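Listed below are the residues making up each chain.
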Amino acid sequence: MKTVTADPKGVDSGPHFMDGDHALAEGALAAGCRFFAGYPITPSTETAERFAERAPEVGAMFIQMEDELASIAALIGGAWGGQKCMTVTCGPGFSLMTENLGLACMTETPMVIANVQRGGPSTGLPTLTAQQDMMQARYGPHGDNMIIALCPDSPQECFDLTVEAFNLSEFYRVPVIILTDETVGHMHEKVVIPPADQIKVVPRNNYNGPKEDCRPYKFDSQGGHPMVRAGDGYNFHITGLTHNEKGYPAMTAEQSKVVVTHLMEKINGNADKIIRLDEDQIDGADVVVVSYGITSRIAVKAIQDARKEGIKVGSLRLITIWPFCEKRIRELAPKVKAFVVPEINYGQMVKEVERCAGGRKVISVNHCGGAVHDPQVILDAIRKAIQ
Amino acid sequence: MADTLRMDRMPHIWCPGCGIGSEVNSFADAVKRSGIDPKKLVVVSGIGCTGRVAGYVNFDSIHTTHGRAIPVATGVKLANPELTVVVFSGEGDLAGIGGNHLIHAARRNMDLVVICNNNFTYGMTGGQVTPTTPGGASASTTPYGNYEYPFSLPFLADAAGATYIARWTSMHSRNVTQSIEEALLRKGFSFIEIISPCPTLYLRRNRLGDGVDQLQNYQDNSILKHGADTRETAIDYQGKIVIGKFVEKNKPTYLEASDKCSIKLVGDDYQLYGKTIPEREAEEKAEKERIAARRAAMAAAEAQEQAVAAKPRKTSAPAAKKAAAAPRAAKKAATKAKAKPAVKKAPAKKAAPKAPAKAAKKAAPKATAKTKAAPKKTRK
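Top to bottom, those sequences are chains Z and E. This note's numbering numbers the first residue of the first sequence as 1 and each following residue consecutively. This note's numbering numbers the first residue of the second sequence as 1001 and each following residue consecutively.
Mixed in with the good hints there might be a few duds.
Claimed, not checked - What the simulated footprint calls covered on chain Z by chain E, stretch by stretch (three residues with Cβ under 8 Å from a Cβ of chain E suffice, anywhere in the stretch; the number is not a length):
#, region
1, 79-88
2, 97-110
3, 275-288
Read the hints as simulated data drawn from the structure, not as lab findings. A quick note: this is a predicted structure, and the numbers were derived from the prediction, not measured. Glycine is no exception: its CB is placed at the ideal position from the N, C-alpha and C atoms.
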């Protein structure tokens, strides 16, 4: 990925005491996002508010749309209009956004969507924490499609991963979803925003070659292909229909194979380059706790207590949720006795771990939302794992 | 026309007698006449028969999801205010599934041109009832006649705050061209409704003949009323259709209002996407001058063309009468404002088919009365 240093105009360098939601907005501005369209929904609204407040001084555009359907639609227009774009929401809004999330995947439109998760289903728990939209992020839109999802565990990571989300989004031309949660969103901590020259950003890559060679798409299962910007004179066409590289509708089984394979493989095929994990004392561990987001910070306490009891426990924290780190789980499976998967849902990512665990014991530590785990529950599961 | 259409995508999907083709023709004509830079034009469509327009016009074009053309267009416009953004879609897309976006874009006075093909039916899916289907009309989902109250779209757009509203029918293609041209050259939310025939579904199902019969109906039943009160623009089944330019007013657009607010906050060095307001205004002024120059060149070329066309007729003896009139028309075209020729031509063209139309009318009223009577039965 070719990177440049961040535009200082959007970077509020220095130490801050801010919550995760505000850090999302600062991360977006630092990454060069200059267009934000959103709709209020707790617990994500603070991101929109911060962006709205900062927009005039940074020279960015903020608009509160009439609903989430329109918010993400505006991002598609904004992205092809030449801007890096972002929106935030939580479950109910994300459900609406899945419509044009599909269009964004199909048209390979870069954008970043943060889902500050709260408990569901439906209106559920406004506004108490949960991690219940993990599968929705992956499988929300109809049809086969693939996105990238990242999961911050702190306000600092909300900043860092938003910059990373934009970089991945620009390079792979895919929507990147930040799956944070109410606890991280509303938690105030120290966030250090580096100087602009230390922030690496992937700039928008606009096609500037001859008109006759202009293709909005290249179906080679790779990233790095330029966008075409409206107004540059290329007369591009994009559609949600199955299309050829020119962007024209091409609705055949053969073309569907080409397009769908490309959409899936440009992410899955590059999973090794995309996936980031945070591992601790994995070597020689009997039990590996697989966790993500706020739950990984609760798991730390349980892991420390288990180690005091002499249990060899490793921690595998998923920073990248999608694509799932199936290669790493398959590597670890023969070496460990069991995996313990705590998450604030009825058991979602645990199914991915089970799929790759090669028959090893996988213990789900589920939670129906509204609060974080009691570390004791995770500790009990670790004890059970070695029995 | 070849330069404004994607000829590599022809033939198009529209049925014979459908109104969308002539609307696209008017649109292409309007773009040319307006003098705007076609490179800076973006066309956004939703889903449905009219939703396919974006795929056939040779501009930057986006074919979106059902109902979401307006918010996508909003995104394009706000991401690059230099662009002229047109939404071209059907009434089911814009006023049904996308109704919320329509009223909010109008409320914001978002700088968009919205062209709405209203054929009272969901064509692509096989003729279902839409938010504008007149009471009593049959649709595949109202097989015993529509018993819902329809929207009058000009009234809806007016109530929501649109600053330019016009309605025409497929019969009035020159007026459509003129309205689109005006809308392309103005700022703010422009809404142009075009009542149009769907011979394959709406007309066949309601036994209203083919596209030409319906154009005759438009000719007979249209009432031209510029500045009409939009509350009085409702359309009854095969009833009178009030047409004209209903609303044209100025108020700050979303971007202008946003700029004003931001400059108050940040001061004179306020920038959007790295450009100050005076910089953007200067660019806009330069673009306006380029447009004016293109229009002047076109008007001059048109006048010359007319003058040339008039000359050989002078020499041919039998056409002496016509030749005498022609140079006068050419002179007028050259001296008067560019929009004028369209107005001048519209009645002239109308006058031509009037004679055969009148002849047909004698038979026609009975025919239309018959077709009117049939659905009335279903209403009872």
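Here's how the hints hold up against the structure:
Residues of the region 79-88 of chain Z with a Cβ under 8 Å from some Cβ of chain E number 6, which satisfies the need for three, so the listed coverage holds. Counting residues of the region 97-110 of chain Z whose beta-carbon sits less than 8 Å from any beta-carbon of chain E gives 4, enough to reach three: the coverage restraint holds. Residues of the region 275-288 of chain Z with a Cβ under 8 Å from some Cβ of chain E number 0, which does not satisfy the need for three, so the listed coverage is violated.
Hint compliance for this structure: hint 3 alone is broken.
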